[in-house]
Amino acid sequence: MTTSTGAAPSPGRKLNRIGLDVSQYRGGKTTLCAGCGHNAISERIIEACFDLGVDAKKVLKLSGIGCSSKSPAYFLSQSHGFNSVHGRMPSVATGALLANKTMAAIGISGDGDTGAIGIGQFVHLMRRNLPMVYIIEDNGCYGLTKGQFSPTADVGSTLKNGVVNDLPPIDTCIMAIELGATFVARSFSGDKKQLSALLKAAMSHKGTAMLDVLSPCVTFNDHEGSTKSYSYVKDHEEPLADLSFVPYFEDIAIEHEEGTTREVVLHDGSTIVLRKLDHDYDPTNKAEALRVVRETAGRGEYATGLLFIDQHKRDFCTTLNLVDEPLAALPVERTRPSRAVLELLMDHQR
Amino acid sequence: MATTDPALQPTAPTTGRTINEFSIQVATVNGSGSQTANLILIRSLFQMGIPVSGKNLFPSNIAGLPTWYTIRANKHGYVARKKEIDFLVAMNAETAREDVQTLEPGAGVVYDEPLNLKALRPDLSFYPVPFDKLVAAVCPDAKLRRLVRNTIYDGVLSYLLDIELGEMEKALTKQLAKKQKALVLNMAALKAGFDYAEATFGQKASFGAERMNTTAGKILIEGNQAAAIGCLMAGVTVVAWYPITPSSSLCESLIDLMRKYRIDKATGKATFAIVQAEDEIAAVGMVIGASWVGARAMTSTSGPGISLMGEFTGLGYYAEVPAVIFDIQRVGPSTGLPTRTAQGDLLSTALLSHGDTRHPMLLPSSMRECYSMAMDAFDLSERLQTPVFVMSDLDLGMNIWMSEPFPYPEQPLDRGKVLDKATLERLGAWGRYKDVDGDGIPWRTLPDTDMPAYFTRGSGHNEMGQYSERGDDYQRNLDRLARKFDTARTLVPKPEVDVVADARIGLIAFGTTHWAIVEGRDQLWQEAGLATSYLRLKAYPFTDDLAAFIDRHDRVYVVEQNRDAQMVALMRMELDPVRIAKVRSVLHYSGLPIDARSITDAVLAQEGLAVARAAARAADAPNAAGVGGE
Chain P
1 MTTSTGAAPS
11 PGRKLNRIGL
21 DVSQYRGGKT
31 TLCAGCGHNA
41 ISERIIEACF
51 DLGVDAKKVL
61 KLSGIGCSSK
71 SPAYFLSQSH
81 GFNSVHGRMP
91 SVATGALLAN
101 KTMAAIGISG
111 DGDTGAIGIG
121 QFVHLMRRNL
131 PMVYIIEDNG
141 CYGLTKGQFS
151 PTADVGSTLK
161 NGVVNDLPPI
171 DTCIMAIELG
181 ATFVARSFSG
191 DKKQLSALLK
201 AAMSHKGTAM
211 LDVLSPCVTF
221 NDHEGSTKSY
231 SYVKDHEEPL
241 ADLSFVPYFE
251 DIAIEHEEGT
261 TREVVLHDGS
271 TIVLRKLDHD
281 YDPTNKAEAL
291 RVVRETAGRG
301 EYATGLLFID
311 QHKRDFCTTL
321 NLVDEPLAAL
331 PVERTRPSRA
341 VLELLMDHQR
Chain D
351 MATTDPALQP
361 TAPTTGRTIN
371 EFSIQVATVN
381 GSGSQTANLI
391 LIRSLFQMGI
401 PVSGKNLFPS
411 NIAGLPTWYT
421 IRANKHGYVA
431 RKKEIDFLVA
441 MNAETAREDV
451 QTLEPGAGVV
461 YDEPLNLKAL
471 RPDLSFYPVP
481 FDKLVAAVCP
491 DAKLRRLVRN
501 TIYDGVLSYL
511 LDIELGEMEK
521 ALTKQLAKKQ
531 KALVLNMAAL
541 KAGFDYAEAT
551 FGQKASFGAE
561 RMNTTAGKIL
571 IEGNQAAAIG
581 CLMAGVTVVA
591 WYPITPSSSL
601 CESLIDLMRK
611 YRIDKATGKA
621 TFAIVQAEDE
631 IAAVGMVIGA
641 SWVGARAMTS
651 TSGPGISLMG
661 EFTGLGYYAE
671 VPAVIFDIQR
681 VGPSTGLPTR
691 TAQGDLLSTA
701 LLSHGDTRHP
711 MLLPSSMREC
721 YSMAMDAFDL
731 SERLQTPVFV
741 MSDLDLGMNI
751 WMSEPFPYPE
761 QPLDRGKVLD
771 KATLERLGAW
781 GRYKDVDGDG
791 IPWRTLPDTD
801 MPAYFTRGSG
811 HNEMGQYSER
821 GDDYQRNLDR
831 LARKFDTART
841 LVPKPEVDVV
851 ADARIGLIAF
861 GTTHWAIVEG
871 RDQLWQEAGL
881 ATSYLRLKAY
891 PFTDDLAAFI
901 DRHDRVYVVE
911 QNRDAQMVAL
921 MRMELDPVRI
931 AKVRSVLHYS
941 GLPIDARSIT
951 DAVLAQEGLA
961 VARAAARAAD
971 APNAAGVGGE
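These protein sequence lines map, in sequence, to chains P and D.
Okay, so the first sequence: first residue is 1 according to our numbering, each after it adds one.
Okay, so the second sequence: first residue is 351 according to our numbering, each after it adds one.
Just so you know, not all the hints are guaranteed correct.
To give a feel for the contact side, a few chain D residues facing chain P, derived at Cβ under 10 angstroms [what the hints assert, rightly or not]:
(1) 452
(2) 627
(3) 669
(4) 755
Listed below are the simulated BS3-like cross-link pairs for lysine-lysine, each with C-alpha atoms no more than 27 angstroms apart in a straight line [what the hints assert, rightly or not]:
(5) D/529 to D/483
(6) P/58 to D/520
(7) P/192 to P/14
(8) D/771 to P/58
(9) D/784 to P/58
(10) P/206 to P/234
(11) P/206 to D/771
(12) P/58 to P/192
(13) D/619 to P/313
(14) D/433 to D/483
(15) D/554 to D/433
(16) D/425 to D/524
(17) D/610 to D/554
(18) P/160 to P/58
(19) P/160 to P/193
(20) D/493 to D/520
(21) D/541 to D/529
(22) P/58 to D/483
(23) P/29 to D/784
(24) D/520 to D/483
(25) P/14 to P/29
Label-pair ranges, simulated between beta-carbon atoms [stated by the list, open to error]:
(26) D/533 to P/332: 47 to 53 angstroms
(27) D/833 to P/14: 44 to 50 angstroms
(28) P/119 to D/833: 36 to 42 angstroms
(29) P/287 to D/777: 54 to 60 angstroms
(30) D/754 to P/119: 47 to 53 angstroms
(31) P/333 to D/836: 31 to 37 angstroms
(32) P/334 to D/705: 36 to 42 angstroms
(33) P/334 to D/606: 16 to 22 angstroms
(34) D/810 to P/319: 53 to 59 angstroms
(35) D/894 to P/333: 36 to 42 angstroms
(36) D/926 to P/340: 35 to 41 angstroms
(37) D/814 to P/312: 42 to 48 angstroms
(38) D/820 to P/119: 30 to 36 angstroms
(39) P/284 to D/817: 41 to 47 angstroms
Think of the hints as simulated: they come from the structure by calculation, not from any bench.
Please read all numbers here as calculations on a predicted model, not as lab measurements.
Note that beta-carbon positions come from the ideal geometry of N, C-alpha and C, so glycine has one too.
Pulled out of the complex, with its shape left as it was, chain D reads as follows (with noise of 0.2 angstroms):
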């Protein structure tokens, strides 16, 4: 594309326009109030039926810094992080230049008219905007300027590349429907940003949106969002945390829906207790010391806090107490980059702890399971008596995904091995650490019931609970652990197995990754006629079906999101070498959400297909029916 300022162009109808496939980047100064606008814009398409998804790129900073806000618009319903971007809105003037080059030929430039972009290439379409002199006209206060200042690309967007302007309108008045008069500004600035661009440029932009209807009856929700809904569904009793990126909206959001759905309504008072704790070791173990009790108890953190909770993750699973843990990694070791996104906790936590320590884990990808896996979580804890952990990430917590509504709970609640009268006088005898069930799972006796008393310790214990440094009991009590593992094989969620019946080439995935495969494996069809099968892991331990698809295909590539191909050295840890030799990584640690584009050149250059962009089949992609999630 030649065209350098469409204002200079006369204006001529759009021919050969992308429609609904586009990548726009919105870069902005963390703390100027771009939010609202990003929203407004996900917002909109959604309304308009078309699949969309949000990426927020912020950084560990209150203001200031630059922030990149990333939406996909795809009518495949692919939701992955596209790494090209299609359409950038210039925003901050330090970034601007920068973010100019690293565009595709091209994409369309929205900025701020001062920042004077448009002579950096000849080969982008610039939309120069005068915002300041814009606001101005809609705002005549200055203060409450920077509050609508970005709904001006709002509007120059909804005519550029035709988003709806009565959807902005809707989504505006959905998110600022209490706060009355900046709805009266936000709208009056859509409006001049959209009459801008309409009197300014006229031609409009070679991507664009037309209605779809894949989205009708969806919602858009962030995942810990999601999982605070599981946790308040899951009948949680104890909730105890400490501040932590990207995890705290996770119990922020619990405080606000317990606060609202879980006051007694006769009394007025609480059914539940949270606390914001000293620090994520109290955090966990005043969920260790309520499960003990017999409450429904959990924390929420990322991988510092993680660490910090190693020693009484231990306890609890020695001294067998249940607790749900979510962690919503981010990366690094150490601090790392708190606000960007990863899959690297899973070797610590699958180990979390000295001795030997195994913890099941469970591993969302999706709101849906964001959602369902919390009330899993519970389940499994208190069945298996032992802490167990929900992997989540920044990309599936902080992120807006597509979701099909939350199905309510059917399943009563799965409470485990509680010794009742009944059960005491059908056992006969009771020693809280003997497996009595042949499945490693002990009863256990809850305080304040007429059940016998016994004293847990994280000590050397034997069958009865009694204090032991024998080696025999020590023994017995680690053999009888390592039986109630391989029962959680049997109790997680199984994996969900896509076999193609020619395909010798298996993917394994798990979490976030798994929105960036479904991409992936259109990709490698239509560039490279690479048929492959794919295996999502929703937990660990690993289930049968792990070795099972390992041996239907010759080559199986393990795709994650962390440096040390983590899961990988989990399989390495129970399959045999066989297996393993068959299998082989396709790593991304940037920070940033895995996109296909990287999966789809790693995998064609571990196959030795380097011609990797061959030409793209006409068939329509055979995974896009996935629109949208689940």
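Next comes chain P alone, as it looks inside the complex (with noise of 0.2 angstroms):
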């Protein structure tokens, strides 16, 4: 794995386990609105990635279309990125992963992308369980070609100018627990300590990670009656723990109250502390995790956190037995069969 980095880190600041500093995973200056829910994503990315010591190298970023699929390029100016086409950002990723399956992929999406467009290739990369991290920056409408309804717009929630959404709403976690994801999270953009939490649970964990992140459009769907403003979210966000990670190279001794936490080894060594709130929330239960996702819902609250987790399941590079190194990588030697082998074909066929 290589480390190698642009500028040197500037003197007196915090430096990460790999000797970066968090300007080194920064990306371009943002052209979202000031304010867009989707930058405040960026940043916690950001962070996790210079908290984990991430190695930027190491790093696909991928997305799809829309203001959502712009944010790559905001943050880890040093991996590699690539805004696809709209809603199939699923299949690059498939591919890239599978020509590289030492590389660790964010995929960033939309709830247009995803939902709409993108619904098709979103319920089958949850199937394949491919080891990545799907992030929909969902505001429940299509803030690029200025404010029109998405699939995630709520029964009754209105337009700007008083058009009412008459549809009911898609609810990608419930539909990525019941494809088969392995990481299934929802959160809220303004809820700084949960996000960073998750992010980083989520690039720690081997399988499809997918985060529904509401991300408020302060520009065309954030007024009242609007079921994904900035204020609803925050008065109607419910988290079924209080959630945070302990990095697998942090030695940190978790002190708690007997049954007070539950605690998710992840695949690295790492772990998710879930603390107990007003319930147990068991999130290895999928059965439990559908039926409280969907009683939130029905009270039209937003149930946030990790709502389910499989460390055990195969993800699609491991179903696919593919050999230790990348598939991009291996040479003409290990891909081009020998003329012996081309003769007996030859010979099958005479």
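Each of the two chains sits in its own frame; use the hints to bring them together as a complex.
Here is the structure:
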């Protein structure tokens, strides 16, 4: 693994475990609206990568089309990025990770990019359990085309001009759980602590980590009557647990009273610590997860936090039994069969 | 011929018999297990050293609809579909009467006795065979009879056409080597058919086979299988596909090959990934994702899949990402005729996607080219950093063809301009879309290397790969892409040109049309004394050879298997009007593979030489040397 970086870290700044300061995880200057939830998510991604000591050279950033999908340009400028076509990022990510399974991938999509044009590819990405982090920056509307409803908009939610949404929303988390995703979370761009912990946990998970992050559109969907406005989400967020993340490389003893926390140990040895709030929520129980998310939504609330996790299911690269080295890097000696093989094949046809 | 039922005739020696120049059509119901029986026929003729070809005309259905299999044996080596059927095997009650009515006078008909066809035509030779009775005798288990019934007609034809029984037994053994029980039953059925014909008909057919020596060392293979071997040898590592007729057998063959030959011996792990995607959009998306990271990746599809791949293909063109895409062309707009053949995707593929786009296409004609162009496609795609299409068709992909065996690739892989440390030092600075070499091809970097990262996007970008909506940035980029397409002209396979010194007429064709052209040129010469030159296109964009060929001739006929003269339309985009004025079209779009007779008649009609079928010249056909393909 290479750890080459751009500029040397400026003196006096906090360095992470691979000796980089946070500026080395930044990207280009955002062109999204001031106050856009997506920018907050980019910030959390930058922090998470810094805190985990991620090697940016080992990260692929992918996106579809829309406001959300512009954001990979605004973090990790030292990582290769691919702003693909509308709704089709999952397939590009699939090909990319099959070509090099040693890379980590962060995919950024939107609620239209995933829930409408891209629902087919989303479904099959979840089924395959491709090892990547898939983030939906969910604001319930199409920002880049000036505010039309998206499929995650709630019944009765209104547009700025008063138009009422009369179709039921697609709950991407319920879909992801049903379809076989192995890490499903919902969070809020304004919930710094929870989102940060979830992102680090997602990056440490081996399998598809799907995060639906409610991310208010300050320009087109932040008004009274919208169920995706900043104030609505802030008031209706219902965390299932108080969540923290302990990376494998930090030797921290977790102190807690008996029966007040759950711990979920991830593939790399990192731990998610869930401190009980009102109820004892078990994110490894699929049926329970589906019930809780549905019930909460029925009350007009958003259950947030780690909704479901399965650390044991095989990821797609394992299912395909790929060699350890990246397929893209295999030398011709390993990919072109010998003269004898061709002769044998010709003999079969005689 | 006046004979109506040879069974009623006394045995007599056959005189004036036509040897090694006939076509057999087997009409069955699909799902009735005739495939093995037909393969045995082809293989036996092949083993006798006689040039042979097979065309499967099948419905888009699993069982119950009519299907026809045409086998052509031809001593001159003509392997295109022959329009006229010389010998019919009528096994399908539903089509038998119509099948008989369409035969030329003098043809022979083997039929299932209850069909009672012999009264239909006085000018044919009829050979009724009681299939049910014969099969019951050799196969006591009624449930298995379906699987051996058709082998009986192999035995009957063995006798009537002198296709050696020993070769049939050899072919059957090869085909059923791993199914001992089926082999025993089929051997008995073969013998039963032969014995019945010998005892009943006595007289042989007016067409017959005689041993030749043209097929030694050759192979029999389907184009999709040949292309799969090409992909294997090209070192493909990521394959994504969605099932579609007539393309599926390419990726299915490839799966078999990869599982056999691309498992790492030390670890037992795969040096490849093959994904059956959720649709063609996802399939090509995966190919683009994998190629972006540096893998050799491919997909295979047919027309409807090509339509779906449009948007991603435009991305590949504009963001400059390699992709290898096979189009096994079938008939029609929309669903069309999924199991029939055409060359109808040329124009839509060359210009696939919105905006200004152009894509290189390779145009294989033979098994050898299905194999070699698969490798060429990967090299070109990585060299040019753009999607490259291999335009096969159902006739090439799914039918059996003779071929010389494939040579082992001696050239190293061309992985194109991938930036490394030494190149970066030489260039001094790097910009993803900078034309530093003047060929329009920029240098790319790959993830997981020490080289600088960049942001790949289908939105407007400048030479440094940064987002840009500036008109001058866009235009500069588009102009460079046009230069890159001109570079493609110098890299794609050149056409095969056969200039006949005094010929005023030129023929241009590509793909499977080639085989009907070989025969058509001989017919034009023999029947009307019309000498023709010939240029076979192997790729788009065109090379300079095309203009030079048109310049040499008064009139040039472009023969293609679509309604709208799509290849001519592509020529029109870049040839000057003087040259285009010389170009005429011969078009064939019935869904059946094009035949020589259709070409010959069309050219003679357009040339005003209406006395088309003038007496054949005594001389042997000049192009007949092309026995068995290349």
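Okay, the hints, checked on the actual structure:
1. For residue 452 of chain D, the interface hint is violated, the least distance from its beta-carbon to any beta-carbon of chain P being 33 angstroms, above 10 angstroms.
2. This hint holds: residue 627 of chain D has a C-beta 7 angstroms from the nearest C-beta of chain P, less than the 10 angstroms allowed.
3. Evaluation of the residue 669 of chain D hint against chain P yields a held restraint, the C-beta minimum of about 8 angstroms falling below 10 angstroms.
4. Nearest Cβ of chain P to the Cβ of residue 755 of chain D: about 4 angstroms, under the 10 angstroms cut. The hint holds.
5. With a CA separation close to 24 angstroms, the supplied pair residue 529 of chain D and residue 483 of chain D stays within the 27 angstroms bound.
6. The hinted pair formed by residue 58 of chain P and residue 520 of chain D fails the criterion: a straight-line CA distance of about 57 angstroms is larger than 27 angstroms.
7. Distance check on the hinted pair: residue 192 of chain P and residue 14 of chain P sit about 20 angstroms apart at the alpha-carbon level, within 27 angstroms; holds.
8. For a cut-off of 27 angstroms, the pair hint linking residue 771 of chain D to residue 58 of chain P stands: about 18 angstroms separates their Cα positions.
9. Restraint check for residue 784 of chain D and residue 58 of chain P: satisfied, since their Cα atoms lie roughly 25 angstroms apart, inside the 27 angstroms limit.
10. Between residue 206 of chain P and residue 234 of chain P, the direct Cα distance comes to roughly 30 angstroms. Violation of the 27 angstroms bound is thereby established for this hinted pair.
11. Annotation: proposed proximity of residue 206 of chain P to residue 771 of chain D is violated, straight-line Cα distance about 33 angstroms (limit 27 angstroms).
12. For the proposed pair residue 58 of chain P and residue 192 of chain P, the alpha carbon gap of about 25 angstroms is at most 27 angstroms, so the pair holds.
13. A hinted pair counts as satisfied when its Cα atoms are at most 27 angstroms apart, and residue 619 of chain D with residue 313 of chain P qualifies at roughly 19 angstroms.
14. Taken as a hint, the residue 433 of chain D and residue 483 of chain D pair is broken in the structure, with Cα atoms around 33 angstroms apart against an allowance of 27 angstroms.
15. Between residue 554 of chain D and residue 433 of chain D the alpha-carbon distance is near 23 angstroms, which keeps this suggested pair within the 27 angstroms criterion.
16. Annotation: proposed proximity of residue 425 of chain D to residue 524 of chain D holds, straight-line Cα distance about 25 angstroms (limit 27 angstroms).
17. A hinted pair counts as satisfied when its Cα atoms are at most 27 angstroms apart, and residue 610 of chain D with residue 554 of chain D does not qualify at roughly 46 angstroms.
18. Restraint check for residue 160 of chain P and residue 58 of chain P: the C-alpha separation of about 42 angstroms exceeds 27 angstroms, so the hint is violated.
19. Of the pairs offered as hints, the one joining residue 160 of chain P and residue 193 of chain P is violated, with about 31 angstroms between alpha carbons and a cut-off of 27 angstroms exceeded.
20. With a CA separation close to 26 angstroms, the supplied pair residue 493 of chain D and residue 520 of chain D stays within the 27 angstroms bound.
21. For the proposed pair residue 541 of chain D and residue 529 of chain D, the alpha carbon gap of about 18 angstroms is at most 27 angstroms, so the pair holds.
22. Under the criterion of a C-alpha separation no larger than 27 angstroms, the hint pairing residue 58 of chain P with residue 483 of chain D is inconsistent with the structure, at around 71 angstroms.
23. With a C-alpha separation of about 23 angstroms, the suggested pairing of residue 29 of chain P with residue 784 of chain D holds against the 27 angstroms cut-off.
24. Under the criterion of a C-alpha separation no larger than 27 angstroms, the hint pairing residue 520 of chain D with residue 483 of chain D is consistent with the structure, at around 25 angstroms.
25. For the hint linking residue 14 of chain P to residue 29 of chain P, the alpha-carbon distance of about 22 angstroms falls within 27 angstroms, and the restraint holds.
26. Judged by the Cβ atoms, the range 47 to 53 angstroms given for residue 533 of chain D and residue 332 of chain P is violated: they are separated by roughly 41 angstroms.
27. Distance hint check for residue 833 of chain D and residue 14 of chain P: the Cβ-Cβ separation is about 49 angstroms, which falls inside the suggested range of 44 to 50 angstroms.
28. Remark: the range hint 36 to 42 angstroms for residue 119 of chain P to residue 833 of chain D is upheld by a beta-carbon distance near 40 angstroms.
29. For the hinted restraint 54 to 60 angstroms between residue 287 of chain P and residue 777 of chain D, the CB-CB distance of approximately 59 angstroms keeps it satisfied.
30. Against the hinted window of 47 to 53 angstroms, the Cβ-Cβ separation of residue 754 of chain D and residue 119 of chain P comes to about 49 angstroms, which satisfies the hint.
31. At roughly 35 angstroms, the beta-carbon separation of residue 333 of chain P and residue 836 of chain D lies within the given 31 to 37 angstroms, and the hint holds.
32. A beta carbon spacing of about 39 angstroms between residue 334 of chain P and residue 705 of chain D agrees with the range 36 to 42 angstroms that was offered as a hint.
33. The supplied range of 16 to 22 angstroms is met by residue 334 of chain P and residue 606 of chain D, whose beta-carbon atoms lie about 19 angstroms from each other.
34. Here the CB-CB span from residue 810 of chain D to residue 319 of chain P is close to 39 angstroms, at odds with the stated 53 to 59 angstroms.
35. Distance hint check for residue 894 of chain D and residue 333 of chain P: the Cβ-Cβ separation is about 38 angstroms, which falls inside the suggested range of 36 to 42 angstroms.
36. At roughly 52 angstroms, the beta carbons of residue 926 of chain D and residue 340 of chain P sit outside the given window of 35 to 41 angstroms.
37. For the pair residue 814 of chain D and residue 312 of chain P, the supplied restraint of 42 to 48 angstroms holds, since their beta-carbon distance comes to about 45 angstroms.
38. As the Cβ distance of residue 820 of chain D to residue 119 of chain P is approximately 35 angstroms, the hint placing it in 30 to 36 angstroms holds.
39. At roughly 42 angstroms, the beta carbons of residue 284 of chain P and residue 817 of chain D sit within the given window of 41 to 47 angstroms.
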